[in-house]
Amino acid sequence: MFRTWVFTEMPYPFTPPEETYESVRVTLPSRYYDPDTGRDLFHRYYDIYRRADELGLDIMVNEHHSTATCVAPSAPISLGILARETKNARLLALGNPIANRSDPVRVAEEMAMIDVISGGRLEAGLVRGVPMEISAQNSNPVDMKERFWEAADLIVRAWQSHDGPFSWEGKHFHHRQVNIWPRPHQEPSPPVWIPTQTTSTAVEAAERGYTLATILNGTKGCKKIFDAYRERSAELGNTPDSGKFAYLGLVFVGETERDAQAGARRLQWYLQNNKVADQFMSVPGYMDVQARASMLRGAANGIPPQSPLADIVDSSVEELVEAGLFFAGTPDQVVEQVTRFHGEVGGFDHLLAMVQAGTMSASMVNRSMELFAEEVLPRLRHDLPTSSSSRPGTAAMAPIAAGP
Amino acid sequence: MKQVPDTTGCFEEVQLSSGIVIVERSGHGPPIILVHGEDGSLFLRPFIEALGAHKEVHLINLPGWGVTPGSNDIEGVDDLGLVLSDYTMSQFASPTPVIGLSLGAWVTAQAAVFGQHLFSKVVLVSPIGIKTTAREERSYVDIWATDPGELRHLLYGDPSRIPDLRDLDDDEFLRLAHATEAVARHGWAPYLYDPKLARRLVRLTSQTLIVTGTEDHFVLEPSFGERWAALVTGASEHVAIQGVGHRAEEEAPHELAAVIHKFLESQPS
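These protein sequence lines are chains A and B, in that order. The opening residue of the first sequence carries number 16 in this note's numbering; numbering runs sequentially from there. The opening residue of the second sequence carries number 63 in this note's numbering; numbering runs sequentially from there.
Hints are supplied without guarantee of correctness; some may be wrong.
As the list claims (entries may be wrong) - Chain A is faced by these chain B residues, among others (derived, beta-carbon under 10 Å):
id, residue
1, Gly128
2, Asp204
3, Val245
Quick caveat, the hints were computed from the structure, so don't treat them as lab data. All C-beta atoms, glycine included, are put in the ideal place defined by N, C-alpha and C.
Generate the whole structure from the sequences, applying the supplied hints.
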């Protein structure tokens, strides 16, 4: 079934003029953050999520650190709130930056608790983390991939082990008594998602059969990532259905083209407010050494490292729609855009819809979501070939008991 | 086939119990071991040549810096210290002098505190690897949080002596990329120091020369040369070279070589 996961990065948009600071990530002083304004913003974002639940949409949250672009430093806290505030939406963390966490077992515990509170609605994304996060987390970028997969394997093992403690003495993590309480609601575990922008991680996700997500890659980039997963799956004798694939794009639906354009331009804030200093993007060890050599050569010749979004900062909404980064327009137009994209990348069940950015109000976002839920999603569900698999746990979800 | 830089030195791949190391030998005279700093051997040619006027220089290309391949068995500066120890034991019948540059000085100190008998004399140039300041006082500029251009100015006393990276070829950029990754691997946290090293320096009993630059703005601990000299039991001298920064071997290769030569020729006090 085709699903749409509503998402806001929970920005704090009231930052000083860009020319007055070096980097919105890592070094921008928090004196620019007003806690009262911040409280109002958090309530705005959780209200949007609650409305998404009422509309039959699903929910995605994430976390970042030391940045005004996303002031949610803990996906588990957001999920903890939403596990109680929502009734039906599936709750996706995309994700837990486990290569930056010193204790994967704690992540397993947090996710299990959320899965239980929500009655098995958790989708657990495990993410390596962006290079800009390295300094903020003081996480050694060398061997990060190796650390990530060891943490992922430990977390999944912790979720699936119900017969008393097991021992884990790996290269990066050491626990001699792993025995998490509570265990997750879903069996054998909450679905695991891996977001990536690289084919190498797509291959590794395919080897484990996890759901693959890719973000703002456009049609060509998305297809390349999905194809890498499909090809590796085929090599292993598997045929992944479309339920294994997710794509994140910017989404705004308006009653008229004019309304949609106006909303879409507000959503562009996300692409246009992400000034990051070179040293936080070009991190040794995070990337392949050949790529880093190329980056060093470029920097020596006056070409600084570029944000992945640099090429699209100045693009128009129309250009972004054409490239497959934006789905914006009237309901008819958005149906057409998603359908076209869906066909061009080989199919996927999960549209991760960034619906809010910058100063966009809840009422503005809610109207867009209502149009999507009422006039777009039913047609996508009817028209698009998708997998027949339901999400694990949903069929078996039991009513929440009152009292002990 | 191993890739080695195009230089006049003689390269030898040496199999040690701690792994493979590629050593470049050059110059004439009694042997001396050289352990490079953060950028590997990229900018060391004038210094090696100056040293080579009186010594046979054994430049150890540390594993992971692009000349000697990295190894899963090399996980920290203590492992790099073992490479130095193993090389010294395998190649020399008697104690041999050693020079360590910055991170190479850290490696050298790690080797020397456990192998006092290995080195006849020790020279530590702009050493890093210890922290003696409070927890909210940085000991070294944060390499990975500083604008790369600004960082270069902090490393050199005279901006005109900053190497122009545009002169590097593709292979050298690849070595530089390996070098920056290796520094991150070994120096990320604790940041460029081993919490145990400062108290272990009492075991460094070989006669030791500490050399610093008067314009070193990379090391933030005040009077760090004097501090090293106070911690190292064998430290007989601290020389501060005027007008140079952290990269004394690049900024004043001949002056540094002369200071070292004088120290090596001196009789133990």
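*Enumerate the violated hints, using their earlier numbering and listing them in ascending order.*
Result: no hint breaks.
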